[in-house]
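Please construct the entire structure, taking both the sequences and the accompanying hints into account.
Okay, here's what each chain looks like letter by letter:
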Amino acid sequence: MSKLNDSKKQYEDIEIPDELKHIVSKSIQAAKKEESKSPSFKSGELEL
Amino acid sequence: MTKSEKFQLVENYIVENQNAHYRLAYSYVKDKELALDIIQESIMKALKSIDSLEQIQYLKTWFYRILINTSIDFIHKNKRMVVVEDEISDFHLPSNEMEIPDIDLYEAIDHLAPKQKTLIILRFFEDMKIEDIAMTLGVNPNTIKTRLYAALRKLRSFMEEKVKA
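Chains as they are written, first to last, in this note's numbering: chain U, 195 to 242; chain W, 218 to 382.
No lab work stands behind these hints: they were computed from the structure.
Source: prediction; values computed, not measured.
Do not rely on the hints blindly, as some may be mistaken.
[Claimed, not checked] According to the in silico footprint, chain U covers these stretches of chain W (three or more CB under 8 Å from chain U): (1) 223-235; (2) 239-248; (3) 286-295; (4) 356-366.
[Unchecked claim] Keeping only pairs whose Cα atoms sit at most 30 Å apart, straight-line, the calculated DSS-like set for lysine-lysine is: (5) W:Lys-277 / W:Lys-379; (6) W:Lys-277 / U:Lys-220; (7) W:Lys-247 / W:Lys-220; (8) W:Lys-362 / U:Lys-197; (9) U:Lys-197 / W:Lys-265; (10) W:Lys-379 / W:Lys-262; (11) W:Lys-247 / W:Lys-262; (12) W:Lys-294 / W:Lys-362; (13) U:Lys-202 / W:Lys-294; (14) W:Lys-371 / U:Lys-215; (15) W:Lys-381 / W:Lys-294; (16) U:Lys-203 / W:Lys-223; (17) U:Lys-226 / W:Lys-379; (18) W:Lys-265 / W:Lys-294; (19) W:Lys-223 / U:Lys-227; (20) W:Lys-220 / U:Lys-202; (21) W:Lys-346 / U:Lys-231; (22) W:Lys-220 / U:Lys-227; (23) W:Lys-220 / U:Lys-231; (24) W:Lys-332 / W:Lys-294.
[To be verified] Reference listing, derived: stretches of chain U covered by chain W, where coverage requires no fewer than 3 residues with Cβ under 8 Å from a Cβ of chain W: (25) 200-208; (26) 222-231.
Where is the CB? At the ideal position from N, CA and C, for every residue including glycine.
What follows is the structure, given as structure tokens:
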């Protein structure tokens, strides 16, 4: 099991780049901009 | 729930789990820029296809499916990467126990086909249950068990060959 734990630690230790936050935020904003044009989004149509 | 409320929930989920999503993407491509591209594309795909998320409790499996498919697409598109061909075959399991080989899985999974790699990552690094993996990949749980066993067997035989060489 120790090798598995080591492997898992390597996975968990993958370095998170500083740019990630910016990329995530930029992508959400771009999708939001596009989605806000859709009529169902504006009118608050029931989806679930 | 309105579409804008659903959008907000998905957005919150993406922001809160961005590090986990990056790790998953990175483990496929082992390249920072490509992993960031995968994240960007996955978010765009997810938010554009938000209507395909029918039940909010399946948000994680829904997003993981998009992320995994996008990662595998990137591997296929990227000529610099060597893609190991898929050799997933279903066969009977000798037992219900799934022994974990005593090897460095993180390094060894690069020798697996992308679909097999996905199973190892989700099961052993993300600690996902077989049922959740099945839901994420849209496959029967028994098929997941069989394919996971095949992936572990392949890793074991790869390591045996490495030791002999």
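Evaluation of the provided hints:
no., hint, in the structure
1, 223-235, "holds (count 6)"
2, 239-248, "holds (count 4)"
3, 286-295, "violated (count 0)"
4, 356-366, "violated (count 0)"
5, W:Lys-277 / W:Lys-379, "violated (37 Å)"
6, W:Lys-277 / U:Lys-220, "holds (21 Å)"
7, W:Lys-247 / W:Lys-220, "violated (35 Å)"
8, W:Lys-362 / U:Lys-197, "holds (21 Å)"
9, U:Lys-197 / W:Lys-265, "violated (40 Å)"
10, W:Lys-379 / W:Lys-262, "violated (40 Å)"
11, W:Lys-247 / W:Lys-262, "holds (22 Å)"
12, W:Lys-294 / W:Lys-362, "holds (29 Å)"
13, U:Lys-202 / W:Lys-294, "holds (28 Å)"
14, W:Lys-371 / U:Lys-215, "violated (37 Å)"
15, W:Lys-381 / W:Lys-294, "violated (34 Å)"
16, U:Lys-203 / W:Lys-223, "violated (34 Å)"
17, U:Lys-226 / W:Lys-379, "violated (50 Å)"
18, W:Lys-265 / W:Lys-294, "holds (22 Å)"
19, W:Lys-223 / U:Lys-227, "holds (16 Å)"
20, W:Lys-220 / U:Lys-202, "violated (37 Å)"
21, W:Lys-346 / U:Lys-231, "violated (39 Å)"
22, W:Lys-220 / U:Lys-227, "holds (14 Å)"
23, W:Lys-220 / U:Lys-231, "holds (13 Å)"
24, W:Lys-332 / W:Lys-294, "holds (15 Å)"
25, 200-208, "holds (count 7)"
26, 222-231, "holds (count 6)"
Of the hints listed earlier, those the structure fails to meet are numbers 3, 4, 5, 7, 9, 10, 14, 15, 16, 17, 20, 21, in rising order.
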